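This is what each chain is made of:
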Amino acid sequence: MGRIEWAMWANEQALASGLILVTGGIVAVAAQFKGWPFAAYAIAAGVFVCLLEYPRGKRKKGSTMERCGQKYLTAVVKVFGPITRNYYVRAILHAALAVPAGFLLSTILGTACLGIASAIYLLAALRGEEWNPIEQKPQERPPVGGGTIKQPPTMPPPRPPAETRKKPPAELAGQENPIPVTVEAE
Amino acid sequence: MGNWVVNHWFPAVVIAAWLGLNVFLFVYYFLLFDRDKKFYYTRVLLGSALAWARASAKCLNFNSMLILLPVCRNLLSFLRGTCSCCRRTMRKQLDHNLTFHKLVAYAIALFTAVHIIAHLCNFEWYNDSQQAADGSLSSILSNLHQDEESNKWLNPIHTNSTTPAYVTFTTIPGLTGVIITVALILMVTSSMEFIRRSYFEVFWYTHHLFIIYFAGLVIHGIAGLVRGQTAESLNKHNPEHCVQDPTHWGRNNTDSHCEEPEFGSIPAESWKWVLTPILLYVFERFLRFWRSRQRVVVTKAVVHPSKVLELQMHKKGFSMEVGQYIFINCPSVSRLEWHPFTLTSAPEEDFFSVHIRAAGDWTENLIDTFQQQKPKTPRIEVDGPFGTASEDVFQYEVAMLVGAGIGVTPFASVLKSVWYKFQHADQRLKTKKIYFYWLCRDTGAFAWFNDLLASLEQEMEESGKTGFLNYRLFLTGWDNSIAGQAAFNFDNDTDVVTGLKQKTSFGRPMWSNEFSAVATAHPRSVVGVFLCGPQALAKSLQNCCHQYSSLDPRKVKFYFNKENF
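The listed protein sequences correspond, in order, to chains A and B.
Using UniProt numbering, read the first sequence as starting at 1 and increasing by one per residue.
Using UniProt numbering, read the second sequence as starting at 1 and increasing by one per residue.
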């Protein structure tokens, strides 16, 4: 099991725990069980955990699949720098968050799951893993050919010889293709 | 739409039946627990949370029974074999077993959530009833039979100084419930697609927590905490009538004679649902073990460029068909892991082979082990073959085979087999012409397939049947230098990239051109289009099939088959 990044699994587990905390909390608050303030806390803690864990970290090797719409939260999580990057901090944080929810039956499942996530994060931290944000790829392409090509060709090969092609106008307006080019629907 | 119905009617029926049974079970048992007189007093304490809990429990039993069945691959293979009289499309659906397994797993997760929420309410309200000292119906019911040794009580909580959490952890159903739910959650989080594809071992080993799940499930109901009025008691005490005057139960001086109600538990029944699948699964694992013990002789191991290992093997009694796959285990790499690989040899050959590409921990270790060339080749265990054979390819007069990337692997088997059949004038082979399209980013990892095409090309030339196989290779990952080289070597006989007679094209194929060329060349044939590749490609091929099929039944028709090899 050489290349396992435990943090990835800890992240899934923590996200699931957050949802369970929220669900258990809502049930207890809605039905007004005894001790429901703990449930209200659990809802808040659950939401916080979900927000913290939603942006997936970057894998060391290979490409990482982003969760849908995570870039907004990545920006927020990135701001906290070493606090969110270090997994020891996360392990302790989750363990601490889990404890108060353990006093009420509805949320005790969330405690157990978050506790397990905390343990896996501890394991990840011991192995030196870190949370790195997934950056957006730069939008513009670097100039082709070191800037020596002024107007890269716009037609894919095979291209007819230059004489049959109209000379491109000065300001790179759309080219009229002398040979019909079918655009393949992707 | 018609094509979809023909290919997918069976899974649609299965899923509809499964959904229907779930809905039926849920609604039936919900109404039973919500209306039956037996549970009248239970409902006084618990409201409709009783019905929600019991109905979801039934569905959980049903789905827990189903979930083990799709992963018994040897059993499914056996069914497939004995059903040879069935239509092929039906047998092919057994290949969607893992999809069904996941669907059932989602259902289990959903019903677990419902069940737990309902029982949270139940525990809380039982506790409230026990602690209520206001002489209400709930407190009267809760105090019934609490002091005696008899088992006739209704409220499982016997003291009024406890909490639901304490009760949960000191009763069998509560404790087992928590344990199996935690096991279930761990199984679910480690089976997320991202984790499964990147860290297979985490998924595989965590998934064995299912043993705890089933053990806990069977034990879960034995304490009988959910109770209804016994039949005997119902004869002497009609709840609808007696509920009006609870303080006078058991006394003889009233007009309406009501004895104290007595309650009994619902017997545990999870074991009835899951016993057979558990036994089948145990048998399946034993069968896998037994099959793996049979000797596999590695007759040849070749490491191709770009870290591809070809293993040619021999096993007594092994017989395969085109397009099937096997599971391979290498104890020296990992004792417990089995990984699937498509067979790349034809059934007519006297060995079976797989081409293993480095794509993760296990494959890399395996390739390293073989590369070290130890004097004693590592032992290999094989389970299989599985999967439905793709015999359909041989039924079409003209076949268009499209393999994208790794999807080209099963076509190795297909092409070799077709060639053998063609050479020996096999009657089962109706194919007269094959068009093969190979799309890949770069040929590096598939250089071995390259060699296969080269040897086929040579054999065709030697037997004078060059027109039989027409293949095109499309390199979608070209760059300027490759294109420059191709232009430079334009006049050479063989292609500069592959060394084949057929020239490589760069970029993606223009399917409309290809289809119209085939349609023009074979104006009256039925053409089968087979794809092993990504979904987007499937869509465009399907569109082309519709577009270029003539409405006239005598003229050319394209039939699209997406094979999930």
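Derived from the structure by calculation, the hints contain no laboratory data.
Please note that the accuracy of each hint is not assured.
[What the hints assert, rightly or not] Heads up, simulated EDC-like pairs for lysine to aspartate or glutamate below, C-alpha to C-alpha not over 20 Å straight-line:
hint : chain 1 : residue 1 : chain 2 : residue 2
1    : A       : Lys60     : B       : Glu348
2    : B       : Lys539    : B       : Glu514
3    : A       : Lys61     : B       : Asp128
[As the list claims (entries may be wrong)] Restraint ranges, calculated between C-beta atoms of paired labels, are given here:
hint : chain 1 : residue 1 : chain 2 : residue 2 : range
4    : B       : Asn513    : A       : Tyr88     : 55 to 63 Å
5    : A       : Leu126    : B       : Phe488    : 54 to 62 Å
6    : B       : Tyr205    : A       : Pro100    : 28 to 36 Å
7    : A       : Tyr88     : B       : Glu149    : 52 to 60 Å
8    : B       : Tyr205    : A       : Ala96     : 43 to 51 Å
9    : B       : Phe488    : A       : Glu66     : 35 to 43 Å
10   : A       : Glu66     : B       : His101    : 25 to 33 Å
11   : B       : Phe24     : A       : Leu126    : 45 to 53 Å
12   : B       : Ser136    : A       : Ala30     : 16 to 24 Å
13   : A       : Thr182    : B       : Pro305    : 32 to 40 Å
Treat the numbers as computed from the prediction; the structure is a model and nothing was measured.
Every residue gets a Cβ at the ideal spot worked out from N, C-alpha and C, and that includes glycine.
Taking the hints in turn, this is what the structure says about them:
| no. | hint | verdict |
| --- | --- | --- |
| 1 | Lys60/A - Glu348/B | violated, 45 Å |
| 2 | Lys539/B - Glu514/B | holds, 16 Å |
| 3 | Lys61/A - Asp128/B | violated, 55 Å |
| 4 | Asn513/B - Tyr88/A: 55 to 63 Å | holds, 60 Å |
| 5 | Leu126/A - Phe488/B: 54 to 62 Å | holds, 56 Å |
| 6 | Tyr205/B - Pro100/A: 28 to 36 Å | holds, 32 Å |
| 7 | Tyr88/A - Glu149/B: 52 to 60 Å | holds, 55 Å |
| 8 | Tyr205/B - Ala96/A: 43 to 51 Å | violated, 29 Å |
| 9 | Phe488/B - Glu66/A: 35 to 43 Å | holds, 42 Å |
| 10 | Glu66/A - His101/B: 25 to 33 Å | holds, 27 Å |
| 11 | Phe24/B - Leu126/A: 45 to 53 Å | holds, 51 Å |
| 12 | Ser136/B - Ala30/A: 16 to 24 Å | holds, 23 Å |
| 13 | Thr182/A - Pro305/B: 32 to 40 Å | holds, 36 Å |
The earlier numbered hints that this structure contradicts are 1, 3, 8.
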